[in-house]
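Protein chains in written order, with our numbering: chain A, 18 to 117; chain B, 3 to 536.
The set of hints was computed from the structure by calculation and includes no laboratory data. Hints are not guaranteed to be accurate.
To give a feel for the contact side, a few chain A residues facing chain B, derived at Cβ under 7 Å [claimed, not checked]:
(1) 60
(2) 65
(3) 68
(4) 69
(5) 74
(6) 78
(7) 80
(8) 86
(9) 87
(10) 97
(11) 100
(12) 102
(13) 103
(14) 104
(15) 115
We put the CB at the ideal spot given by N, CA and C, even for glycine.
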Amino acid sequence: MRSKLIIMCLSVAALVLVQGCGPGGANTAVAGDDHNASQASSLQSGAQLWADNCSRCHNIRPPQSYSDAQWQAVVMHMRLRADLTGREQREITRFLQASH
Amino acid sequence: MRQRYLPFPPASLFLMVCGICWTVSSVRAEQASQEWLAPPAAAERKSPVSPSEQSIAHGHALFANCLICHGPAGHGDGAAAIALNPKPKDLTNAATQDQTDGALFWKITQGRAPMPPWEQALSNEDRWDLVNYIRTLSPHGLADQATRSKQPAADVAPVKPAGPAVHQEDLDDIFRQMRTLEHQVHSSLPGTEHLLIAGDAAVGFTNQRKTNSTFSAGVAPLILWQPTDRLLFEAALDIGIDTDPSAGSSTSVDLKIADASFIVNDYLIVGGGLFVVPFAQYHNHFDPSWITKLPDDPLAFGDGGLAPGSQVGIFARGAVPIGSSKVVYDVYLTNGPQLVTNDPEAAGSLNFDDFTDLNNGKAVGGRIGFLPVPWIETGYSVEYAQTAPNGFPHTYALLQAFDLNIRKDVHSLGVFRVHTEWIWSNIERRTYGGGSTGFGPLTYSNYRIGGYAELSYRPTYCPHPFIQNLEFVARYNVLRTPLSAPGGDHEQLWEFGIDYWLTPSAVIKVAYEVDDKKVGTNQNAFMVQFGIGL
Numbered sequence: 018m019r020s021k022l023i024i025m026c027l028s029v030a031a032l033v034l035v036q037g038c039g040p041g042g043a044n045t046a047v048a049g050d051d052h053n054a055s056q057a058s059s060l061q062s063g064a065q066l067w068a069d070n071c072s073r074c075h076n077i078r079p080p081q082s083y084s085d086a087q088w089q090a091v092v093m094h095m096r097l098r099a100d101l102t103g104r105e106q107r108e109i110t111r112f113l114q115a116s117h
Numbered sequence: 003m004r005q006r007y008l009p010f011p012p013a014s015l016f017l018m019v020c021g022i023c024w025t026v027s028s029v030r031a032e033q034a035s036q037e038w039l040a041p042p043a044a045a046e047r048k049s050p051v052s053p054s055e056q057s058i059a060h061g062h063a064l065f066a067n068c069l070i071c072h073g074p075a076g077h078g079d080g081a082a083a084i085a086l087n088p089k090p091k092d093l094t095n096a097a098t099q100d101q102t103d104g105a106l107f108w109k110i111t112q113g114r115a116p117m118p119p120w121e122q123a124l125s126n127e128d129r130w131d132l133v134n135y136i137r138t139l140s141p142h143g144l145a146d147q148a149t150r151s152k153q154p155a156a157d158v159a160p161v162k163p164a165g166p167a168v169h170q171e172d173l174d175d176i177f178r179q180m181r182t183l184e185h186q187v188h189s190s191l192p193g194t195e196h197l198l199i200a201g202d203a204a205v206g207f208t209n210q211r212k213t214n215s216t217f218s219a220g221v222a223p224l225i226l227w228q229p230t231d232r233l234l235f236e237a238a239l240d241i242g243i244d245t246d247p248s249a250g251s252s253t254s255v256d257l258k259i260a261d262a263s264f265i266v267n268d269y270l271i272v273g274g275g276l277f278v279v280p281f282a283q284y285h286n287h288f289d290p291s292w293i294t295k296l297p298d299d300p301l302a303f304g305d306g307g308l309a310p311g312s313q314v315g316i317f318a319r320g321a322v323p324i325g326s327s328k329v330v331y332d333v334y335l336t337n338g339p340q341l342v343t344n345d346p347e348a349a350g351s352l353n354f355d356d357f358t359d360l361n362n363g364k365a366v367g368g369r370i371g372f373l374p375v376p377w378i379e380t381g382y383s384v385e386y387a388q389t390a391p392n393g394f395p396h397t398y399a400l401l402q403a404f405d406l407n408i409r410k411d412v413h414s415l416g417v418f419r420v421h422t423e424w425i426w427s428n429i430e431r432r433t434y435g436g437g438s439t440g441f442g443p444l445t446y447s448n449y450r451i452g453g454y455a456e457l458s459y460r461p462t463y464c465p466h467p468f469i470q471n472l473e474f475v476a477r478y479n480v481l482r483t484p485l486s487a488p489g490g491d492h493e494q495l496w497e498f499g500i501d502y503w504l505t506p507s508a509v510i511k512v513a514y515e516v517d518d519k520k521v522g523t524n525q526n527a528f529m530v531q532f533g534i535g536l
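Kindly generate the complete structure, drawing on both the sequences and the hints.
Here you go:
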């Protein structure tokens, strides 16, 4: 059993290393992203991702449910629960913050 | 027969609930949203972009931004419309089409919650193209366009007597500054830290055959704190009052979650603490009372069920997009469940509620999930754990689960859902009791299987506000435990329910369940529950 444990820990560590520390923070990729086209596609896909991902498990909550800062924490919480990618988290957060 | 003497027999309770829902729906329907007027100067603005074929085609392409709320044909019936207040406007009717180009342009530019402002995201020309496309949604089509400029502007605030000329650019600048200011004020309000208390609460009523009917209640506050972009702390309590007639009243406060998570990159999060283990979907996705569609948990996921809930340990999880599909993965290492060895009522079963480890062996588990399209998720979960207390022969448990969640929004019909999850729980053959324990000895290999299939339908596109908030649910449950084990049984449970959604996160559920046990006493039940998410 102990050897299984060690293998398990090592594989988790390996995953972390292989994946590296690329973009991940909620705001890292958004900064300096002023181009109209990419903003439009971000808001659009944010709206679509919000509807698609949230409604898979529960009724979607309207953007006015939380403040900007609260949405950031709520969407991060939901990233854990619903296994969102970093991009999905950023775009949903950005759409919700823009819409309330 | 006893039911006849109850102050609130099920039938009258049901009628009462229906009455409440009906009243609420009519009150809500009457709440007219505040009228949204464009300022005169903006409304009078003439379109600099002529409605050429090219402009309309471009506007049509840009309309993809609007579909999810305004619907594919602009009727205000997009998939997200059901959750929004005020509702997305019907872009085809007179109320919209009678507005000036300038007014529509201004509204697209500024937005109003829950509609985002499109000023940053779309260029001026894009937004005029969109206005030109919206004109084609009128039932009279382009014919309207010729006469539109002559029509009086219906949606313009009263014009003040002429004063010094105001330039549109100046106005735009003022609006921009106002929005910035609004944002600054908003972000400094209390409650705008990256810290909040959310959670859910429920009040229930159960009338089960052969027991007294009873109310029950619970509150589950959830604390979220995100001190940095990459770090999240979560803690959740489950505060409840147990009014089980056989056990007497008792209150309970259970810690459900207390964990920290760190975002490594877009595809990986690591963390640890007490967390809901990603084994199958129910506990991770549907557990809160405002999400699950029936007043009680599925048999295999409730008390005495087969699925682990929260466990103490570490985890790594994430998602990897593959084209338009997505693969999600979760792995964890925890203290794992405890094997019950000396309780004559439950020997051989797993206790998921005590987080202490009884041995040096840990539980290793995980789930791999696949989303071919965003509305389908299916997954396979596995957990392998050393479960026996010290002094008892090493005993390994192998838990496996399959889950499938389909949620399809069929335009103009409504939302259809199918959930199904099945768990196989296998514990090595062991002997329990005997000697001085006062029971047994019982020897058996403990193979348990349980699961459910749930169907639900909500007619979200029905124009009547009462009917569009109804949801119809049916669930079939199975739980088979070895008949040679203490409390072993083969149970099937049919549940039928009707939910009424007061808001997207507040629901009244009424359900009836038909129980079929091979060994125990069948206990059909009538249940009502009010669930709210905060």
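Status of the hints after comparison with the structure:
1. 60: Holds, because the Cβ-Cβ distance from residue 60 of chain A to chain B comes to roughly 5 Å (cut-off 7 Å).
2. 65: Where the cut-off is 7 Å and the nearest Cβ of chain B is about 6 Å from residue 65 of chain A, the hint holds.
3. 68: Cβ of residue 68 of chain A sits 5 Å from chain B, so the hint holds.
4. 69: holds (4 Å)
5. 74: holds (4 Å)
6. 78: This interface hint holds because 6 Å falls under the 7 Å limit.
7. 80: Hint on residue 80 of chain A: holds, closest Cβ of chain B at ~4 Å, below 7 Å.
8. 86: holds (5 Å)
9. 87: holds (5 Å)
10. 97: holds (6 Å)
11. 100: Holds. Min distance 4 Å.
12. 102: holds (5 Å)
13. 103: This hint holds: residue 103 of chain A lies near chain B, its Cβ roughly 3 Å from the closest one there, short of 7 Å.
14. 104: holds (6 Å)
15. 115: holds (4 Å)
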